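A.B. asks: Could you build the full structure based on these sequences and the hints that come with them?
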Amino acid sequence: MRLTPSRIVYAFLSVIVFILLIQTLHTITNGFFATDHGSSVPMEEIEQRMSQRLKQVAETCAKYNIRPDSVNSADYAIPHPPAPQYSVLYYQFQRTKTVYCPIYKAASTSMLHWLLSMKHINVEYEMKTKHRQISEVARQHYPSIDYPAAAELLKEAKKWMVVRHPFERILSAYRDKLENTTIGREHGTLHFYEKYGRKIVAKYRKATGNQDETRIEPTFAEFVAYLIDTDLTLYADDHWIPYYLFCTPCLINYDVIIQFETLQEDVQLLLNLIGEKRGPLWKHSKSAGRSKTELIRSYYGQLSRETIGKLYDKYRIDFELFGYSIDGYLLV
Numbered sequence: 001m002r003l004t005p006s007r008i009v010y011a012f013l014s015v016i017v018f019i020l021l022i023q024t025l026h027t028i029t030n031g032f033f034a035t036d037h038g039s040s041v042p043m044e045e046i047e048q049r050m051s052q053r054l055k056q057v058a059e060t061c062a063k064y065n066i067r068p069d070s071v072n073s074a075d076y077a078i079p080h081p082p083a084p085q086y087s088v089l090y091y092q093f094q095r096t097k098t099v100y101c102p103i104y105k106a107a108s109t110s111m112l113h114w115l116l117s118m119k120h121i122n123v124e125y126e127m128k129t130k131h132r133q134i135s136e137v138a139r140q141h142y143p144s145i146d147y148p149a150a151a152e153l154l155k156e157a158k159k160w161m162v163v164r165h166p167f168e169r170i171l172s173a174y175r176d177k178l179e180n181t182t183i184g185r186e187h188g189t190l191h192f193y194e195k196y197g198r199k200i201v202a203k204y205r206k207a208t209g210n211q212d213e214t215r216i217e218p219t220f221a222e223f224v225a226y227l228i229d230t231d232l233t234l235y236a237d238d239h240w241i242p243y244y245l246f247c248t249p250c251l252i253n254y255d256v257i258i259q260f261e262t263l264q265e266d267v268q269l270l271l272n273l274i275g276e277k278r279g280p281l282w283k284h285s286k287s288a289g290r291s292k293t294e295l296i297r298s299y300y301g302q303l304s305r306e307t308i309g310k311l312y313d314k315y316r317i318d319f320e321l322f323g324y325s326i327d328g329y330l331l332v
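The sequence shown begins at 1 in the numbering used here and counts up by one.
For the record, the hints were derived by calculation from the structure and aren't laboratory data. Quantities reported herein were computed from a predicted structural model and do not represent experimental measurements. Glycine included, each C-beta is placed from N, C-alpha and C at the ideal position.
Okay, the calculated beta carbon distance ranges per label pair:
1) P42 - Y125: 34 to 42 Å
2) G188 - E45: 39 to 47 Å
3) P143 - R67: 28 to 36 Å
4) L330 - K63: 18 to 26 Å
5) T129 - Q56: 43 to 51 Å
6) H191 - R215: 17 to 25 Å
7) L331 - Q52: 25 to 33 Å
8) K292 - R316: 20 to 28 Å
9) G275 - Q140: 19 to 27 Å
C.D. replies: Encoded structure:
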């Protein structure tokens, strides 16, 4: 076949289109989306809401005498780490000076995908070929940094975290990690069963009146009983440890605290603050068509008001810090 000028141009354009297509797919795979959220809420209103949110955190911390400049943790009114957990943070200084504290079961998968995309990492490929979870891939590319280097970096960076209603997060952790060992094994369900599930069943099956239950996994009521009885300040998995213990918002002055209820608007504020034009592509888990209200009623409806009250006491500081209410859960 003779190569005419028109055929050469056509071949060149075809290659360009193919490259652009690959780049687009790679971008989507790694968690980018266009910055336009289509929000009708003025940025000034979003900023005011964030300012009020940060003020509430500061006031709650002061209530319990926990401040970044505290010199003696013995003065704290509640059990609390004496210093920030520097090693759990993700430090992004290659592209933007930001520090992220990952609350697992609070958009952490989307956020870690986003951080990795800033380094042009093919996340899905690494997870598949190396049989790793997203947190392992992220930690490989964003190594932990400890004190004193971490403390210096925090002074320069914009700091952010994501929270959701504490009871929503507890339910999400249970459904994802403990409810069914035959599905979601890529999320470590067998590991969680061996480390937590088996022991929870052994201790609480008879105690909660579920001796006729035949499944090997713990029920939601059994899981909640375990949480109530466990000293979460000393022993808690990252998926259900209280926010105030893991991300220590009383010891780190976060610039942005994103809440699920205003997720898109809060992320837009973060993007403006750090000078990024693209944010995370949200990776939601499916709930078999059930609404949030139906899920809450289905699971928390198994619990007595007394049990819900005790669970609230375990996470009360998180409720106070971020303005969440228990009311809707007492009516199920």
